[in-house]
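Chemist: Here the protein sequences line up with chains A and B, keeping their order. Under our numbering, the first residue of the first sequence carries the number 1, and numbering increases by one thereafter. Under our numbering, the first residue of the second sequence carries the number 1, and numbering increases by one thereafter.
Source of the hints: derived by calculation from the structure; they are not laboratory data. Please note that the accuracy of each hint is not assured.
Since the list gives no way to pick one copy over another, a pair counts as held whenever it fits inside one copy or between any two copies.
Here are the simulated DMTMM-like cross-link-like pairs (lysine to aspartate or glutamate), alpha carbons at most 20 Å apart as the crow flies [stated by the list, open to error]: (1) LYS217 x ASP240; (2) LYS413 x GLU403; (3) LYS217 x GLU352; (4) LYS217 x ASP106; (5) LYS413 x GLU292; (6) LYS217 x GLU326; (7) LYS413 x GLU435; (8) LYS217 x GLU121; (9) LYS217 x ASP130; (10) LYS217 x GLU305.
2 protein chains.
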Amino acid sequence: MAAAARPVTDDLVAGLRGIVGQRGLLLGADVATRSCDPFRDVPPEGGVIVRPASTGEVSRVLAFCHARGQRVVTHGGRTGVAGGAYAGLDEIILSLERFAQIEEIDAIGMSVVVQAGATLEAVQDAVAADGLLYPIDLGAKGSATIGGTIATNAGGNRVVRWGMTRANVLGLEAVLADGTIVSAMNRLVKNNSGYDVKQLFIGSEGTLGVVTRAVLKLVPAPSSQSAALLALPDFASVLDLLGRARRLATLSAFEVMWSDYYRLVATSGTGRDPLPPAHPYYVLVEVMGHAEEVDRVQFDAFLGEAHDAGLIADAVVAGSGQQIAELWRVREASEVLVRTLGSFVSFDVSIEERAAESFVEAARAALTSRFETVRTVTFGHLGDNNLHVGVHVGPDTFTRETEVERCVYAVVKEHGGALSAEHGVGRFKREFLPEHVSPGALDVMRRVRSALDPSALLNHEVLF
Amino acid sequence: MAAAARPVTDDLVAGLRGIVGQRGLLLGADVATRSCDPFRDVPPEGGVIVRPASTGEVSRVLAFCHARGQRVVTHGGRTGVAGGAYAGLDEIILSLERFAQIEEIDAIGMSVVVQAGATLEAVQDAVAADGLLYPIDLGAKGSATIGGTIATNAGGNRVVRWGMTRANVLGLEAVLADGTIVSAMNRLVKNNSGYDVKQLFIGSEGTLGVVTRAVLKLVPAPSSQSAALLALPDFASVLDLLGRARRLATLSAFEVMWSDYYRLVATSGTGRDPLPPAHPYYVLVEVMGHAEEVDRVQFDAFLGEAHDAGLIADAVVAGSGQQIAELWRVREASEVLVRTLGSFVSFDVSIEERAAESFVEAARAALTSRFETVRTVTFGHLGDNNLHVGVHVGPDTFTRETEVERCVYAVVKEHGGALSAEHGVGRFKREFLPEHVSPGALDVMRRVRSALDPSALLNHEVLF
Chain A
1 MAAAARPVTD DLVAGLRGIV GQRGLLLGAD VATRSCDPFR DVPPEGGVIV
51 RPASTGEVSR VLAFCHARGQ RVVTHGGRTG VAGGAYAGLD EIILSLERFA
101 QIEEIDAIGM SVVVQAGATL EAVQDAVAAD GLLYPIDLGA KGSATIGGTI
151 ATNAGGNRVV RWGMTRANVL GLEAVLADGT IVSAMNRLVK NNSGYDVKQL
201 FIGSEGTLGV VTRAVLKLVP APSSQSAALL ALPDFASVLD LLGRARRLAT
251 LSAFEVMWSD YYRLVATSGT GRDPLPPAHP YYVLVEVMGH AEEVDRVQFD
301 AFLGEAHDAG LIADAVVAGS GQQIAELWRV REASEVLVRT LGSFVSFDVS
351 IEERAAESFV EAARAALTSR FETVRTVTFG HLGDNNLHVG VHVGPDTFTR
401 ETEVERCVYA VVKEHGGALS AEHGVGRFKR EFLPEHVSPG ALDVMRRVRS
451 ALDPSALLNH EVLF
Chain B
1 MAAAARPVTD DLVAGLRGIV GQRGLLLGAD VATRSCDPFR DVPPEGGVIV
51 RPASTGEVSR VLAFCHARGQ RVVTHGGRTG VAGGAYAGLD EIILSLERFA
101 QIEEIDAIGM SVVVQAGATL EAVQDAVAAD GLLYPIDLGA KGSATIGGTI
151 ATNAGGNRVV RWGMTRANVL GLEAVLADGT IVSAMNRLVK NNSGYDVKQL
201 FIGSEGTLGV VTRAVLKLVP APSSQSAALL ALPDFASVLD LLGRARRLAT
251 LSAFEVMWSD YYRLVATSGT GRDPLPPAHP YYVLVEVMGH AEEVDRVQFD
301 AFLGEAHDAG LIADAVVAGS GQQIAELWRV REASEVLVRT LGSFVSFDVS
351 IEERAAESFV EAARAALTSR FETVRTVTFG HLGDNNLHVG VHVGPDTFTR
401 ETEVERCVYA VVKEHGGALS AEHGVGRFKR EFLPEHVSPG ALDVMRRVRS
451 ALDPSALLNH EVLF
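Can you make the complete structure from the sequences, with help from the hints?
Modeler: Here is the structure:
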C-alpha cells in the first residue's frame with residue numbers, strides 16, 4: 001500500500017488553484033505554521049492546504065486528486081487527539097474552514113442544516129436564539145467542527161442523556177474519494193427508505209468520504225439545571241447510585257472520579273476542593289429539565305433516598321449556576337493534570353460498569369509490575385461505560401508510550417472493553433485495532449472501505 | 001441479474017440436511033402451509049425451509065448456498081408488511097425459529113444478549129423480571145423476532161422517547177452471504193473502535209447478512225404512566241402542543257389522528273368513542289416515568305397550560321391503567337379499518353411536522369382528481385414524522401394499488417417526505433426507491449451490497 005512520496009508539484013498546485021482559486025489555497029509558511037495536533041506543533045508535511053468553499057468544489061478537488069492517485073487528509077478543527085489530522089509528505093490537506101455557514105434552523109421540526117466547517121459552538125449559539133440546544137458538549141467546542149465531530153462520532157459530557165453524535169445527526173451530505181456527491185440530507189426522525197447511508201460516514205474518521213453538510217437534531221434547551229458532588233464509600237455504592245440515577249428522566253451527567261484523580265485535583269491549589277479528598281469515589285451527578293420546581297423536588301428526593309440507603313459519605317449540592325460551574329471545574333481539570341504529572345499517556349476506553357472497578361485495579365497492578373514509578377488518574381462518564389485514565393511512569397513516560405499502551409490495552413481486552421470510547425482510533429491506536437475487533441468485523445470494514453475508496457486515498461494512515 | 005429457477009434437487013436437500021439434520025429441514029406440506037405474508041396466504045415457492053440452530057449452522061448453510069449460487073430468503077416472525085419474507089421458486093428459506101434463546105440479562109449494565117429468533121414479547125417478558133424494559137413496542141410483538149426487528153429497524157409507538165430499533169441495539173452478530181461470521185457483540189454505550197459495523201445490518205432488510213444474535217439496550221421499566229386523549233381545533237394547535245410535549249422528559253407517545261380516522265373508529269360501534277367525533281384533530285399523549293406523583297403533577301400542568309393557551313377543544317384524561325388501554329384501543333383499531341373499508345392501500349410515510357397538514361390535503365386532492373370514490377384514514381406518530389394513511393378507492397382498490405401508490409408517493413416526494421418511515425421497502429416498494437433517494441446514496445447502497453454479497457444471493461428481490 002505504500003506510495004512513493006509525492007512532493008508538491010506545479011501541476012498539482014495549478015490544478016487545485018483552478019478549482020478553488022487563490023484564496024482557496026495555502027502554501028509555504030501558511031501551511032507550516034499550522035499544527036495537526038491540538039497539544040503539540042506538528043505541521044502538515046505535504047505543504048498544501050486546499051480550502052474548497054462549496055460541495056461542488058470539494059467534489060472537484062477529490063475527483064482531481066483521485067485521477068492523480070493523490071492522497072488527501074481532511075481537516076476540521078484539528079482538536080482530535082488520535083492523530084487523525086496528521087498528514088505525511090505524500091498527502092495534501094483538505095480543510096472545510098471556508099464552508100462553515102449555518103444554513104437553516106427549523107424551530108418546529110427542531111433541526112438545523114449546517115455546513116461541515118461550522119464549529120460546534122457556532123451551532124449551539126445560533127440555535128440558542130430559538131430556545132434550542134444541540135446537545136453534543138465538548139471542551140473543544142470552540143474549535144471542533146461539525147464535520148469533525150461527525151467523522152469521529154464525538155461524545156462528551158451529556159451522552160448519558162442524549163447519546164453520541166450518531167444519535168444527533170438526522171442527515172448528511174458527503175463526497176466520496178472519486179468525487180461522487182452523496183446527498184442524504186434527511187430531516188426525518190423515521191426513514192427506512194433503503195440503507196441508512198449516513199451511518200457509514202459517522203465515526204468512520206474520514207476514511208469513507210468527506211462530510212460536507214449535515215442536518216442535526218435539536219432538543220428544547222433545558223431551563224432548569226441541578227447538580228451535586230457526592231463522595232461514596234465504595235464502588236458498589238457507585239453502581240447502586242447509577243441505577244437510581246437512571247430512573248431520573250432528567251439525568252444529564254453521571255461523572256465518576258476515582259480517588260487518584262480527585263485527590264490530585266483537590267490538592268492542586270486551584271480551589272477545586274468542594275469535598276475533602278479522603279473518599280475512594282466521587283460522583284458529579286447533574287439533571288436538566290424544563291420545570292425548575294418539579295425537577296428540583298425530584299433531584300432532592302433522589303439524593304435523599306441515596307443518602308438513606310447509605311450510599312453517600314459526603315455531599316455538596318450546588319445552589320446556583322455558578323456553583324454548578326464550580327463542580328464541573330473539578331471534573332474538567334486537564335490543565336491541572338498536565339501541570340502536576342508533566343507527561344502522561346492518556347486512555348479513552350470503555351468498560352462495562354460492573355467490570356470498571358476490577359479493570360482499574362488490574363490495570364494499576366499490570367503497570368506496577370512493569371514500571372518502577374506509576375501514577376494514575378482515573379475518571380470518566382461511567383453511565384456511558386467510558387473511562388479516561390492518565391498514566392505517568394516517570395520522566396521518560398513519552399518515550400515509553402507504546403509500552404504503557406500495550407500494558408493497559410491488554411487489560412482492556414481481558415475485561416471485554418473497547419480500545420476507544422469516544423476519541424477514535426486515528427493514527428495513534430491503529431496498530432491495536434486488529435486485536436480489539438473480531439476478524440469478521442475487520443473483514444467487513446476492509447470490504448466497505450475498498451468499495452467506497454478502493455485506493456484508500458482518504459486519510460490513508462487512519463484506522464487500518 | 002435474473003437467475004434460472006432452481007427446483008428443489010436431491011443434492012440441495014441432502015447438503016442442507018447434512019448441516020442442520022432432519023429436524024432442521026422442512027419440505028412439502030410443512031412449507032406449503034406457511035405464509036410469507038401476515039395478512040394473506042402466500043406460501044414460499046421454493047419448497048425448502050432450513051432451520052439452523054446455531055450461528056455455526058447458519059454459517060455453514062450460507063457457505064453451502066454461496067458455493068452453489070443458491071439464493072436465500074431469511075425468515076423471522078413473518079410479520080413484515082413490505083413483502084420482505086416472500087420467496088420465489090429459485091429461493092430457499094432460512095428461518096431462525098430454532099435459534100431463539102435469551103442468553104444473558106445484565107441488570108447492572110442494563111442489556112440482554114439474545115438469539116435472533118426470540119420474539120420481541122419473549123424478550124420483554126424475560127427482562128421484566130429484573131425491572132427492565134426493552135422499549136420497542138409493536139402490535140406484532142408476539143410473533144416479530146429480534147432478528148426481524150433489527151433487519152427492518154422497527155419503530156412503533158414509543159419512538160418519540162426511546163428511538164427506533166437502531167437506537168436500542170448495542171451489538172450484534174451476523175453471517176455474510178459467503179458464511180463469514182461477523183461478531184460485533186458490543187455491550188458498551190460508547191465504542192469508537194473502527195467502523196460501527198452493526199449499523200450496516202440494522203435496517204438493511206436482510207440484504208447484507210443474516211443477523212444471528214444481538215445485545216439489546218434496556219431501560220428501567222417505568223412505574224408510572226399517564227395518558228389523555230385530546231381534541232384540537234386546528235393543526236397549528238397540534239404543532240404547538242407537540243412543542244410543549246417535547247419539554248416533558250417523560251413523554252412516551254404523541255399520536256395524532258385526523259378526523260377521517262377518528263370518525264370512522266368512533267362510529268364503528270366498537271365502543272371506541274371517548275370523545276365526540278366532531279373535531280378536526282385528536283391527539284393521544286402519554287408519559288411514563290418512575291415517580292407517580294411528580295409525573296402526574298407535571299402531566300396535569302402540561303394539560304392545564306395547553307388548555308389555557310386555547311389548544312384543547314375537548315379532553316379525556318385516563319384515571320387508571322384500564323382507561324389508558326382504552327385510549328390506546330382508539331389508536332390501534334386496524335381490524336375496524338379492515339372491516340369498514342374492506343380493501344385499502346396502506347402507506348407508512350414520513351413527512352416533516354410543519355408540512356404534515358398540507359401533505360394530507362394535497363394527497364387527498366391528488367387522489368380525488370384521479371379516482372371517483374376516495375376514502376382516506378390518516379393517523380400516525382407525528383412526533384417522529386411518521387404518518388400512516390389508508391386509501392380506499394372503491395371495490396377495485398387492490399387491482400388499482402400501483403396507481404394509488406404512484407399518486408400518493410408523488411405527493412410524498414413533493415413534500416420532501418420519505419417512502420417508508422418504519423415498515424421498510426421490501427419487495428412492495430422496491431420500484432419506488434430510486435425516485436426517493438439521491439443517485440449518490442443509491443450508488444453507495446449498491447457498492448456496499450456488492451462488497452458484502454456480490455451475487456446478491458440474500459433477499460435478492462428486496463430493496464433494489
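Chemist: Which of the numbered hints are not met once you compare them with the structure shown?
Modeler: Structure breaks hints 5, 6 and 10.
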